[in-house]
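Position chains B and C against the provided structure of chain A, taking the given hints into account.
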Amino acid sequence: MASITIQSVSKSFGAVSVLRDIDLSIADGEFVVLVGPSGCGKSTLLRMIAGLEDITGGEIRIDGRRVNEVAPKDRDIAMVFQSYALYPHMSVADNMSYSLRLRKTAKERIAEAVRAAAGKLGLDPLLERRPRALSGGQRQRVAMGRAIVRHPKAFLFDEPLSNLDARLREQMRAEIKRLHKAIGATSVYVTHDQIEAMTLADRIVAMHGGIIQQVGDPLDLYDRPANLFVAGFIGSPAMNFIDGACRGGAVEPHDGSRIPLPAGLKAAEGQAVTVGVRPEHVRIVGAAEPGSHTARVDLVEPTGFGTIVHVRLLGEDLKIYTLDRAAARVGGPLHIMLDGERLHVFDRETTQRLG
Amino acid sequence: MTRKRLLLTVLHRLAVLAYVAFALFPLFWLLKVSVTPTSLLYTEGIRMWPSRASIEHYVFVLTHSSFPTFFLNSTIVSASTAVIVTLVASLAGYAMSRFIFRGKYWIIGLLLLTQMFPLVMLIAPMFKMLSPLGLTNSLSGLIVVYVAFNVPFATFLMQSFFDGIPKDLEEAAMIDGATRFTAFRQIILPLTLPGIAATLGFVFTAAWSELLFALMLISDNRATTFPVGLLSFVSKFSVDFGQMMAAGVLALIPACLFFLLIQRYLVQGLTAGAVKG
Amino acid sequence: MTLYNSVAPPAGDRRTAMQKIAAALEPWLYSAPVLILIVAIMLVPLALGVSYAFRDIRLLNPFSGGFVGLAHFRELAADSAFRGALVNTLWWTFSSVILQFLFGLILALLLNRPFRGRALAQALCFLPWAVPSFLSGLDWAWMFNPVVGPIPHWLTALGLMAEPSNILADPDVAMWGPIAANVWWGIPFFAITMLAALQAIPKDLYEAAEIDGAGPVERFRSITVPFLAPTMAISILLRTVWIANFADLIIVMTNGGPADRTQIVASYIFTQAFRRLDFGYASAIALVLLVLLLAYSMLIVALRQTMMSRQ
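If you're matching them up, the sequences are chains A, B and C in order.
In terms of my numbering, the first sequence has 150 at position 150, counting the first letter as 1, and numbering is strictly consecutive.
In terms of my numbering, the second sequence has 1239 at position 239, counting the first letter as 1, and numbering is strictly consecutive.
In terms of my numbering, the third sequence has 2035 at position 35, counting the first letter as 1, and numbering is strictly consecutive.
No lab work stands behind these hints, which were simulated from the structure alone.
All C-beta atoms in this analysis are idealised placements derived from N, C-alpha and C, irrespective of residue type, glycine included.
Treat the hints loosely; a few may be bogus.
Okay, derived cross-link-like pairs now, DSSO-like style, lysine-lysine, Cα gap no bigger than 27 angstroms in a straight line [claimed, not checked]:
| id | chain 1 | residue 1 | chain 2 | residue 2 |
| --- | --- | --- | --- | --- |
| 1 | B | Lys1104 | C | Lys2203 |
| 2 | B | Lys1167 | C | Lys2020 |
| 3 | A | Lys120 | A | Lys104 |
Incomplete in silico selection of chain A near chain B, CB under 8 angstroms [claimed, not checked]:
| id | residue |
| --- | --- |
| 4 | Ala78 |
| 5 | Ser99 |
| 6 | Leu102 |
| 7 | Ala106 |
Bound-form chain A, shown alone (with noise of 0.2 angstroms):
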């Protein structure tokens, strides 16, 4: 097991700059997730750690030794991919000692290591079947399985749950943070799902545009959002946006209502901002009172455990979050309060965050 250390690293393919100046260190053991929309050069970034890239400026290290002209077999590192990329003419026990063999590991070894992931992952039963005799939840277990025989400086995953339906893709989710707490070694993963993100990772790499948005833990990244991009693309259902300037601690949307700021929050008077709300902060309260708003709700989708409430409010469609599944009927109107403290400001300008 080995750290991993991106330094000043960029990428472009002939004249288009797919990855700018990315910085990032990956401490021994620990699990970051990649996460971002597609063409944010998540994965790209991911297979110049592979060396199935090259390294158009800055340099990887892996356990303190420069790759970057290291070919990806000497690497040591174990990659699963989105289309598990199996090799079709060979079994399950063929297909995971692959890499032993090419190693020219002895025979007992070999056997001896299958035994052992195969054991961990439940696939003892099927060592010898070929892979299109599998279904895609074995498939995706005999992937791990490959890279897990192997004992490597590091994993890597290309979005390896994505072609699971929802069930399967949240029972092997479950299934790799087990792993990764039995054997502890250090995980690069891909995602465009941010549910993922949160779920697995020790720390969350945001990306968008080729740049590193924020990285944090988890929790860091869903409180306290670095960024418009950021505070977009965690969380779901996705967090609200209302433009206002700020007038006198507080932010006065177009409609001339006015929104508290959280304390100790400094903005320039007149300020253009945007202020975020997530859905689940949105309180309801029973009838207008100080400071509510009043709204009519447009559109409710019940997701069973709770539900989605959209209403109109300031010329934007407001997302609320309730576990109160008779908070709203549509066509009715809602008071609803923004608290202070559960907002995000954001400056309009720079995007940034303040405060």
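The following block gives chains B and C in isolation, referenced to the frame of chain A:
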């Protein structure tokens, strides 16, 4: 609705049947002539089946003519051509499929160009070039020429088969500890076996059928291939058509066997290429 | 994260010059055998062939080999047999390609529909392609012979022929003999490429069109044809060039006769080179054919470009 559908189905089957009949009838006729005894060849020339069938022509061709030699020559030439072409075409097809490099489009252009010009144009210079090298009247000379002629199309064919194999697989192999060439050998090649079979069969059939260059480059009976041998039957004074057709049927067997085995993969290979565009 | 910010960013690629060259050479290593073969066995003779067109090269004449300038081309301009061969080539090429293409497309459409025994029917319908071309020529020549072949009798029964006779011996219709053999032999090529292209069309497109109310004709016109168009264009182009160069059937079935009425340029070249051993003249004709074919290919490619840009 159902009657219309039934009618369409019947029409469809009839059309397929008509095609099969059209495709097979000339082959049937070949077979029919080859089993017609010489005495009945002209008197029963247009009967669908002779009143007495015999294998006398086959026996004669196999025991009293040079055809076994021709057959052997053709087999050597076609099999060697097929193997060599498939080998070099899979290397080049792999490069076309997996690498992005300057000059790639020039190579593709060059390969396309070779499909454009009249091969007859090469006959004269080829003869002039090969004779000082002692490659006329030799099977190796013929093999070299056939390899070059078949390599462009085979390269395109192999490229489309490689395009059908996900890149992830060799990347996984490279991360597992393989060099690119090991990944090619152990992962990609085994998966391309249908494609390799198709290319082998395709090239074998093409080399098996080639007439003009064999006619031009070979004059020695010992190095004659099947098509030339068969054609020399025609130019002889008294033609025994029964024997000629018997030899023809024998010539047909390996080519047809090969083709029946591979035609499925040929469609697959072209489809895989088409999907990738 | 800010650990390295004070240091200048390290270079992305520190491989030695040798390593970089080796990496750049890798695809060329894979392609080298093919390139060497094509250059040595096709391009060098091609260049030689072009030079022969301007020289006096006769195999049996040891004093030949001199430079004759455009003499061959002047001779060619006055050669009525060559002009006849050009016209015949047009006939031969376009009727063969059009018929092969039409029947090949129909066959592909028939085979694209699932039915019992499809695999067998497909294999049998494609079988003529495996038949060596010279053998199909001999076979068809035999079938056209009224003494030993059924076709003249069928044609007479259909009223297309006054009495059973050999069309290969009749200067007016002899060309249809090799064309028939060529169509029979070449349908599978188009059927295979079209079938491959058909199978690459996503099935849900047809379902969507059907739900939108498109009838079978409309579906064919608006989905099948546009999807097949690129494959059609390429395969017709390649096939036209190939058939224009394809002399086997003619040489085997009629040898250019009767009265040169089936002589095409390719078989004429072969006759000049092989029978008269006049390599210089043969090369001059071949050069003219090459120029014509290149012009044709460029015309098709240009047409395709304008059609694509219009879309």
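Against the structure, the hints:
1. A hinted pair counts as satisfied when its Cα atoms are at most 27 angstroms apart, and B/Lys1104 with C/Lys2203 does not qualify at roughly 34 angstroms.
2. Between B/Lys1167 and C/Lys2020 the alpha-carbon distance is near 23 angstroms, which keeps this suggested pair within the 27 angstroms criterion.
3. For the suggested pair A/Lys120 and A/Lys104, the alpha carbons sit about 24 angstroms apart, so the restraint of at most 27 angstroms is met.
4. Annotation: A/Ala78 was flagged as interfacial toward chain B, and the flag holds, the nearest CB pair being 7 angstroms apart, inside 8 angstroms.
5. Checking A/Ser99 against chain B by beta carbon gives a least distance of about 4 angstroms; that is within 8 angstroms, so the hint holds.
6. The beta carbon of A/Leu102 is positioned within 8 angstroms of a beta carbon in chain B (closest approach about 4 angstroms), and the interface hint is therefore held.
7. Because the closest C-beta pair between A/Ala106 and chain B is about 16 angstroms apart, greater than 8 angstroms, the hint is violated.
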